[in-house]
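Visitor: These protein sequence lines map, in sequence, to chains A and B.
Per my numbering, the very first residue in the first sequence carries number 1; after that it's consecutive.
Per my numbering, the very first residue in the second sequence carries number 1; after that it's consecutive.
By construction, these hints were calculated from the structure, which means they are not laboratory data.
The beta-carbon is built from N, C-alpha and C at its ideal position, and this holds for glycine as well.
Please note that the accuracy of each hint is not assured.
[Stated by the list, open to error] A short, non-exhaustive set of chain A residues, derived as facing chain B with CB atoms under 7 Å: (1) L145; (2) G226; (3) T232; (4) V414; (5) G422; (6) N515.
[Unchecked claim] One side of the interface only, derived from the structure: several residues of chain A facing chain B at Cβ under 10 Å: (7) S98; (8) A101; (9) G144; (10) S172; (11) G231; (12) R320; (13) L339; (14) V342; (15) A343; (16) L421; (17) F517.
[Said to hold, decoys possible] Some residues of chain A that are not near chain B, with every Cβ distance over 12 Å (derived): (18) R41; (19) A72; (20) G146; (21) R175; (22) V225; (23) G366.
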Amino acid sequence: MSVPAAPPRPALLRWPGLVLAAALALSWRLVDGDLHALLSREALGAALAFGRGFWPPAHGRDFLAFLARPLAETVAIAFLGLSLAALLALPLSLLAVSPEALATRGDPPGPLRRAAWLGTRTLLDVMRSVPELVWALVFVRSLGLGPAAGVLAIGVSYAGVLGKVFAEIFESAPRAPARALAAAGAPPLRALAFAVVPPSLPLLASYTLYRFDCALRASAVLGLVGAGGMGTQLELSIKMLAYDEVATMVIALFVLVAGVDLLSQVARRLVRESRGLFPVGLAALRVRAAGLLALLAAAVGCALFLDLPVRQLASLAALRSVGAFFASGWPPDLDPGFLRRVAPAVAETLAVSVLGTAIAAVLGFGLAWLAALRLRPEGGSGRAARTARVAAAWAARGALNLGRTLPELLWALVLIFAVGLGPFAGALALGIHTAGVLGRLYYEALEEVATAPAAALQAAGASGAAASAFAVLPQAFPQLVAYTLYRWEVNIRASAVLGVVGAGGIGKLLHVSLNLFHNHDTLTLVAVILALVTAVDLFSGALRRRIVEGPAEAPRARAPAPAVVDAW
Amino acid sequence: MRTRAPFVAAAALAALAVPLAGRAAELRASAIPDEAPTELQRKFAPLGAYLAKATGMEVKFVPVTDYAATVEGLAAGTLDLVWYGGFTFVQARRRTGTAIPIVQREEDAHFHSKFIVPTSSKAKTLADLKGASFAFGSVSSTSGHLMPRYWLLKNGIDPDKDFAKVAFSGAHDVTAKWVEAGKVDAGVLNESIWAKLLEEKKIDTRKVRVLWTTPDYHDYNWTVRGNLDPKVVEKLRAAFLALDPSNPEHKAILDLQRAKRFIPSSPENYRAIEEAAKSAGLIKD
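Let the hints inform the model, and build the full structure from the sequences given.
Guide: Put into structure tokens, the structure is as follows:
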């Protein structure tokens with residue numbers, strides 16, 4: 001025992017670093033990574049010409065008037081889709097609460113209850129693992145074109161997300177009230193409904209609101225497959241190289257997303273402050289009734305505006321035609337010739353997601369470092385230097401916002417022209433959009449770390465940079481890695497559909513099979529996407545737990561799990 | 001009470017939706033989006049007004065961005081009249097069994113596709129395109145995908161194996177833009193749109209040249225769903241056939257459709273397309 005321990009090798013040389021490096025190199029090869037396409041003189045020239053095309057944004061009266069309706073449609077689709085998702089998610093999430101969490105002493109869950117739990121969990125997993133664009137394609141095919149397909153696509157895929165999160169919220173709610181009800185003889189599900197659900201409602205509402213801006217971006221993209229909203233026009237303008245129009249639409253989307261973000265923040269604060277179920281006094285009750293009525297009026301207004309054939313959609317015939325669509329694909333195509341074409345597409349999709357996430361991590365971190373104002377100590381430098389720092393921080397935040405505003409599919413459409421068709425454009429698109437998302441999470445995490453260690457190092461004579469590197473980064477590191485892995489799980493879904501716009505991977509095969517009515521192929525591809533997404537979720541989940549909680553054999557004090565961030 | 005609110009909301013929504021369902025008699029027309037939907041809408045406007053007068057119905061153009069969706073729309077009865085390419089017509093006919101092609105343009109009986117390359121390309125024949133990156137139009141396009149694929153295979157090129165990269169631009173004018181900008185080594189598009197791009201000087205002929213033109217085939221037609229009121233079908237057919245190039249008002253409509261005049265069409269015209277689609281593997285039995 002007296003042998004001195006060898007000094008630990010640098011993290012990058014231990015196996016996780018090596019595996020990561022190998023995965024990145026392989027991904028680079030698989031997606032035809034090409035620095036020349038990115039940095040050559042022609043490429044830079046093209047990028048410059050491309051940038052000039054954006055200015056000035058199209059502002060003709062006709063174009064602006066024309067744009068109003070698709071914009072309003074986009075908002076209405078997102079709102080109705082999310083409302084539908086919440087309606088679907090509430091009952092599903094009750095069934096998805098783990099039987100163990102429900103079990104009361106001396107009352108082990110029966111097999112029926114277990115089966116219901118497992119079935120619901122699986123259903124929710126399927127709903128959220130199939131990318132919303134694929135849902136939209138399915139609904140467009142089975143129910144027809146238009147905003148109804150968009151509303152349903154968002155409804156179903158977000159119900160999967162909300163259902164899972166709702167169930168987790170119920171599971172982590174205090175158990176005592178439910179136990180008291182159960183002791184008084186209430187069956188478990190009823191105990192849950194009366195003792196756990198009511199106090200959780202504000203949290204549920206808050207999380208649902210939090211997802212609104214994601215739903216808005218999703219609804220801006222669904223037009224690409226004919227599901228209403230501004231996506232149609234955006235695709236068109238991008239493809240016809242009318243970048244001034246693209247610029248106007250991006251600005252509009254930017255303002256919309258920012259506005260919705262602000263509104264949802266205010267609404268979430270109100271919900272948080274309202275505390276719990278039982279409104280205190282008549283006034284509070286009135287406020288709630290008014291709120292609900294306003295929501296209802298908004299929903300009806302949206303439905304009227306979109307001219308949704310609600311009765312038709314709520315009919316059994318609609319359900320049957322969706323069923324018929326899947327049934328027409330049975331049995332899935334397992335022809336070896338077809339599978340041989342699927343395999344490389346799967347590898348490409350995986351590679352795009354890995355490389356895209358890596359690009360996002362690097363780019364996002366660089367910008368986050370600039371954006372995290374609180375990181376740098378205040379004193380010691382002149383006023384001019386401080387102003388420059390603040391300016392840089394705001395510029396970085398602006399860049400992150402821009403990256404985040406445009407969904408990856410639209411970035412891909414744009415980048416296809418900059419670097420050519422294929423998976424590399426897809427990886428870059430994923431990288432830019434995700435950098436926007438990750439960068440914001442990163443800088444928020446960086447700003448949260450304790451500043452005392454850095455101050456101590458600086459007091460001991462370390463430079464500002466050294467203090468950040470040795471006293472700030474290690475504190476935030478597990479959190480940053482966990483965020484990055486979360487995003488990888490989101491990105492595998494995105495990269496599975498990038499092919500629809502020509503950026504490689506399995507999405508291209510799906511696009512082709514859907515257009516040619518090769519329904520057996522379509523079913524196979526949807527199943528493959530499902531399997532791929534699930535595999536990545538499981539793998540990344542295991543990694544995250546290991547990084548956040550440390551190796552299983554050396555249990556440490558459990559670090560707080562990162563808040564559910566934009567998790568699908 | 002609170003948990004019940006969503007269900008109350010749903011019920012109220014359903015109740016409000018009832019008056020929405022009843023609609024005036026209208027004819028919903030659409031077209032495969034082989035060009036920009038705004039362009040399609042512009043082209044359709046005078047024709048739509050003419051058809052409205054001829055049938056006494058309100059004619060509404062439903063713009064779409066997805067070829068296959070027009071097929072599903074006709075099958076589901078949400079579209080009544082659609083401008084199809086040969087291949088989408090075959091798909092619609094196979095899907096519904098009853099779709100009726102009523103008229104086609106005179107020039108649709110002898111249609112062609114043009115393979116185009118940048119002027120600087122060294123390719124002289126189709127076979128020289130091996131190893132190139134290549135752009136088709138839409139997956140579901142006759143002149144932008146099916147027939148070109150068929151002729152490539154006949155010339156010993158399997159697009160899935162012999163091209164370095166295959167992309168679907170989605171529309172003919174986009175393909176031309178991509179070749180002009182050098183984003184792909186070669187592409188293929190419909191001759192009628194190629195001619196239009198040249199006429200309107202939307203393509204720079206110093207940058208793009210035609211490599212090869214396919215032999216004749218039948219393409220586009222106007223198709224109605226099989227269960228549309230036969231009286232309406234007859235009125236529509238008569239109205240199309242009555243378009244007379246010597247009448248200046250009609251001439252304007254025909255010009256926008258890029259048609260000399262319309263002639264009757266029949267499903268038999270598209271047998272050859274169906275066979276080509278089968279042999280190119282685009283239709284599986």
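Visitor: Hint check: is the beta carbon of V414/A less than 7 Å from a beta carbon of chain B?
Guide: It is violated, given that the least Cβ distance between V414/A and chain B is near 13 Å, above 7 Å.
Visitor: Just to be careful: measuring from the Cβ of S172/A to every Cβ in chain B, is the smallest value less than 10 Å?
Guide: Since chain B brings no Cβ nearer than about 19 Å to S172/A, farther than 10 Å, the hint is violated.
Visitor: G146/A clear of chain B by more than 12 Å, beta carbon to beta carbon?
Guide: violated, 8 Å
Visitor: Let me know if the C-beta of F517/A comes in closer than 10 Å to any C-beta of chain B, holds or violated.
Guide: holds, 6 Å
Visitor: Closest CB-CB distance from R175/A to chain B, is it above 12 Å?
Guide: Since the minimum Cβ distance to chain B is about 20 Å, R175/A lies beyond 12 Å and the statement holds.
Visitor: Holds or violated: is the Cβ of V225/A farther than 12 Å from all Cβ atoms of chain B?
Guide: violated, 6 Å
Visitor: Hint validation: L339/A versus chain B, beta carbon distance must be below 10 Å. Holds or violated?
Guide: violated, 14 Å
Visitor: Next item in the hint list is N515/A. Is there a CB on chain B closer than 7 Å to its CB?
Guide: At about 4 Å, which falls below the 7 Å cut-off, the nearest Cβ of chain B leaves the hint on N515/A intact, so it holds.
Visitor: Let me know if the C-beta of R320/A comes in closer than 10 Å to any C-beta of chain B, holds or violated.
Guide: violated, 12 Å
Visitor: R41/A: least C-beta distance to chain B exceeds 12 Å?
Guide: Since the minimum Cβ distance to chain B is about 15 Å, R41/A lies beyond 12 Å and the statement holds.
Visitor: Regarding the hint that G231/A lies at the interface with chain B, is the smallest CB-CB distance below 10 Å?
Guide: holds, 8 Å
Visitor: Given T232/A as an interface hint, is the shortest Cβ-Cβ distance to chain B below 7 Å?
Guide: holds, 5 Å
Consistency with the previously given hints fails for numbers 4, 7, 8, 10, 12, 13, 14, 15, 20 and 22, ordered from lowest to highest.
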